[in-house]
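Using the sequences provided together with the hints, build the complete structure.
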Amino acid sequence: MNGVVLAGTQSGVGKTVATLAIIQAFNQDGYRVQPAKAGPDFIDPSHHTAIAECPSRTLDLWLEGVDGVRRNYYRGSGDFCVVEGVMGLYDGDCSSTAMVAEALDIPIILVVDAKAGMESVAATAHGFRSYASHAGRDIDIAGILAQRAHGGRHAEGIRDALPDEIRYFGRIPPQSSLSIPDRHLGLEMGSESPLDTEALTAAAETIHTEQIISAARAPPRPGAPSGETQSQSSISGADSESNITPNAEVSRPCIAVADDSAFCFRYPATLERLRKRAHVVTFSPLADDPLPTCDGVYLPGGYPELHAAALAESQAVNSLTHRAADGLPVLAECGGMMTLADSLTTTDGNTYEMAGVLPLGVQMEDRYQALDHVELRADHSTLTADAGEVRKGHEFHYSAATVDSDAQFAFTVERGDGIDGTHDGVFEYQTLGTYCHLHPASGAFDTFLKRVRSWRHQARW
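Under my numbering, the first residue of the sequence shown carries the number 1378, and numbering increases by one thereafter.
Bear in mind the hints are in silico, worked out from the structure with no lab data behind them.
This structure is a prediction, so every number in the text was calculated from the model and none was measured.
Heads up, a few of these hints could be off.
[To be verified] Computed spacing ranges between beta-carbons, pair by pair:
(1) E1575 <-> E1690: 38 to 44 Å
(2) E1649 <-> A1595: 20 to 26 Å
(3) R1452 <-> D1756: 31 to 37 Å
(4) G1704 <-> S1507: 56 to 62 Å
(5) G1407 <-> T1779: 50 to 56 Å
(6) E1730 <-> S1568: 25 to 31 Å
(7) S1591 <-> K1827: 43 to 49 Å
(8) S1831 <-> D1783: 23 to 29 Å
No residue lacks a Cβ here, since even glycine has one placed at the ideal position from N, Cα and C.
Okay, here's the thing in structure tokens:
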């Protein structure tokens, strides 16, 4: 599957809108597009999915390693892949857009803000292309997409000023309807604030899809996974899927996954991984669904702070309080951990009683408290790691957690902030809550399923 990476000169230049316009342009030409996102973000991919009508792939070198990124790329399906970058092209020390493009060895289309420039747009593109050698990156900036560019003389001036080696792939017109509302943690989700269809269709008509197709190419195939241990897999990012054999149907555990606007931050690859080895059922705490009959629960992150009142009254959350105390394995990431806390205080000063499974209280703050790729070392065997194993993940949250004096931590933070700057992962019973979001390439969800099967076996006897 051929593809391109859409990179920005900086954050906020309009990469997501440009990505959606390109997807729409290919849709209109009859192509099936596989969207992807460089970096660990959950929000931009939700907009990709709304337009492409298929899940967006997560491509992050820190989380997956080079082979893992290539493997995840090829797990996609479609005629063409469009990878949206993260921040500016060269920004980020763990998995910048340039690093992902280099690992995939596919060309880059640079999104440049053309609102008040013509020759300067060309100069910017030329500078970004020249800087690659200085940065030690073997990447191919094939051309530009001019963001907020008018047609006529404006577009012609940009195109004519470009050096011969930098192509002009079209423009995104300056329309107020081509914007996505934002809030803490980034843009609103694609299901909440999809772009205006007419405006997106008009923008798609100013993109030169034939030239993008001619510039695109396919990444190298990933190396075959080869019997690595889980700890090696977590470091290299290689998820040893070839070593996974489907269990007999009778032995497959049932995992309940929370799925609604309060719990919407999960990677498609995570559900794919769980479904390979378990039955997966979804439920909505916000819809007051009962907790399904299950052998384990996964509470992904999201926006519990926007729904604190409903969660405080939720039948499913109340069930979790009792089932967790009975030893049911429950894995909760970020927003999931907040829901299992004793209390959640929102920015308006209101405090809501949560599940009370984990001995901590959570307070929402006005600015972000952590944003980074993280590395955790397990101090004890827990739901996602054996003692001594390393897990790599990502954290981004506006809340702060205050733990009780008797709280038990599962991980020492080697990189990142965690819960208290030194530790992450509060555990109680068979429940683990972390600020860290994990990708299945880390091996964490394989360990989770192993723990679930062990608990189920013990519960039966």
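Q | Supplied distance hint 23 to 29 Å, evaluated on CB atoms of S1831 and D1783 | A | Check passed, 25 Å falls within 23 to 29 Å.
Q: Kindly confirm whether 20 to 26 Å is satisfied by the beta carbon distance between E1649 and A1595.
A: holds (21 Å)
Q) Is it true that the C-beta distance of E1575 to E1690 lies inside 38 to 44 Å, as the hint says? A) Holds - the Cβ-Cβ distance for E1575 and E1690, about 40 Å, lies within 38 to 44 Å.
Q. Is it true that the C-beta distance of S1591 to K1827 lies inside 43 to 49 Å, as the hint says?
A. For S1591 and K1827 the Cβ distance comes to about 48 Å; the hint holds.
Q) Within 31 to 37 Å or not, the Cβ separation of R1452 and D1756? A) holds (33 Å)
Q | Supplied distance hint 50 to 56 Å, evaluated on CB atoms of G1407 and T1779 | A | holds (55 Å)
Q | Supplied distance hint 56 to 62 Å, evaluated on CB atoms of G1704 and S1507 | A | Cβ of G1704 to Cβ of S1507: about 60 Å, so the range 56 to 62 Å holds.
Q) Does the hinted range 25 to 31 Å hold for E1730 and S1568 at CB? A) holds (28 Å)
The structure shown violates none of the earlier numbered hints.
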